[in-house]
Amino acid sequence: METEKFEEQLIRMSKPGVTHLKHQDMLAEAIVKAKDKSVLSGWWLSIPLYIIAALLMKSFFMRSTTLVTNMHEFKGHDVYASLLFFVLMPVVFIVINYISIRKIYFLSGSPKTVRFLGSVWLQLLAIITSLFIIIIYSI
Amino acid sequence: MTESELLDKIKADPAQFAGVFKLYYVPIFGYILRRTGDFDATADIAADTFLKAFLHIGNFNYTGIPVKVWLYRIATNEVNMFFRNRRRHNSIFEKFDVADKEEFKSYMEQDREAMESELQQHEQFVKVLGALKTLPEKHQEVIALRYFEGKNNREIAEILNLNEGTLKSLLSRGLEKLREKCNQF
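Chains as they are written, first to last, in numbering that gives the first Met the number 0: chain Y, 0 to 138; chain A, 0 to 184.
Because the hints were derived from the structure by calculation, they are not lab data.
One should not assume that every hint holds.
[Said to hold, decoys possible] Here are the computed lysine-lysine pairs in the DSS-like style, where the Cα-Cα straight-line distance is at most 30 Å:
| hint | chain 1 | residue 1 | chain 2 | residue 2 |
| --- | --- | --- | --- | --- |
| 1 | A | K176 | Y | K4 |
| 2 | A | K10 | A | K21 |
| 3 | A | K51 | A | K10 |
| 4 | A | K8 | A | K21 |
| 5 | A | K167 | Y | K4 |
| 6 | A | K137 | Y | K14 |
| 7 | A | K51 | A | K180 |
| 8 | A | K132 | Y | K102 |
| 9 | A | K21 | A | K150 |
| 10 | Y | K14 | A | K8 |
| 11 | A | K137 | Y | K102 |
| 12 | A | K10 | Y | K14 |
| 13 | A | K180 | Y | K4 |
| 14 | A | K132 | Y | K4 |
| 15 | A | K176 | A | K132 |
| 16 | A | K67 | Y | K102 |
| 17 | A | K100 | Y | K32 |
| 18 | A | K51 | Y | K21 |
| 19 | A | K132 | Y | K32 |
All chains, full assembly: derive it from the sequences and hints.
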């Protein structure tokens with residue numbers, strides 16, 4: 000009974016209201032001009048992809064080598080660069096794109112799977128490419 | 000114009016987003032103000048809400064969820080993040096490139112005065128809000144939407160993506176907790 004009374008009080012209690020905001024039109028203009036500054040450039044992934052393509056070409060023209068042996072040779076030649084391009088960068092991309100997909104899912108109004116996949120295909124492609132780079136590096 | 004037509008227009012011409020802004024900025028601003036009780040936080044959170052909506056409206060597929068519900072969802076999440084991290088959002092002045100900064104500043108000052116006086120006139124509400132802020136996030140959300148915004152259960156369930164059973168239980172437990180807190184005044 001007491002809770003019902005309290006509920007009634009909450010409903011009847013007068014609340015602060017907003018009817019007009021002077022800054023509204025200027026802010027609308029500024030927002031429409033805004034650009035998303037959080038986009039991570041996918042061009043960074045082109046570096047390991049370029050190296051993989053070069054190693055693949057090498058294995059194609061030098062019959063005695065394979066992509067795997069060329070990759071081992073590259074790893075031995077420059078450990079830190081190979082770790083940066085083939086492990087660290089793809090992992091960062093996977094994490095960032097995963098967070099981005101979650102954000103888009105929420106901001107898209109939790110759409111159905113097929114529609115949602117259509118709107119995050121770029122992020123999914125970045126994750127698949129990153130996984131591909133890590134797999135090539137680790138075999 | 001239906002919402003789906005408005006969304007199609009925005010997808011074709013992003014400048015049409017001003018239409019969404021015109022329709023929903025004031026109610027969403029009011030909702031955030033009644034959640035935070037603070038003009039500066041409200042202005043920053045409301046700007047973030049509409050910026051996110053603008054940047055992601057292309058991903059918002061028309062699935063029957065009204066734009067207003069979607070905006071309430073984003074605003075609720077932004078308010079929760081604000082309370083959770085207790086972080087200051089970047090000031091509205093740092094984030095946006097407004098045409099005339101001085102004029103914008105003066106409008107913001109006038110709006111601040113109006114909102115602060117509005118809050119001062121609702122002393123009882125401010126006290127209840129203070130008590131509400133001490134409750135868990137889920138209880139805060141449902142109580143604010145039900146008793147401050149006057150939404151019905153179906154609307155709240157849609158905004159928070161909950162089923163009505165869970166919502167009813169959150170409402171009754173939250174209300175009980177809020178009553179206990181308010182009795183301590």
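Hints versus structure:
no., hint, result
1, K176(A) - K4(Y), "holds, 14 Å"
2, K10(A) - K21(A), "holds, 17 Å"
3, K51(A) - K10(A), "holds, 15 Å"
4, K8(A) - K21(A), "holds, 15 Å"
5, K167(A) - K4(Y), "holds, 18 Å"
6, K137(A) - K14(Y), "holds, 21 Å"
7, K51(A) - K180(A), "violated, 35 Å"
8, K132(A) - K102(Y), "holds, 25 Å"
9, K21(A) - K150(A), "holds, 21 Å"
10, K14(Y) - K8(A), "violated, 36 Å"
11, K137(A) - K102(Y), "holds, 20 Å"
12, K10(A) - K14(Y), "violated, 36 Å"
13, K180(A) - K4(Y), "holds, 15 Å"
14, K132(A) - K4(Y), "holds, 21 Å"
15, K176(A) - K132(A), "holds, 11 Å"
16, K67(A) - K102(Y), "holds, 19 Å"
17, K100(A) - K32(Y), "holds, 15 Å"
18, K51(A) - K21(Y), "holds, 22 Å"
19, K132(A) - K32(Y), "violated, 35 Å"
Going through the hint list in order, the structure does not satisfy hints 7, 10, 12 and 19.
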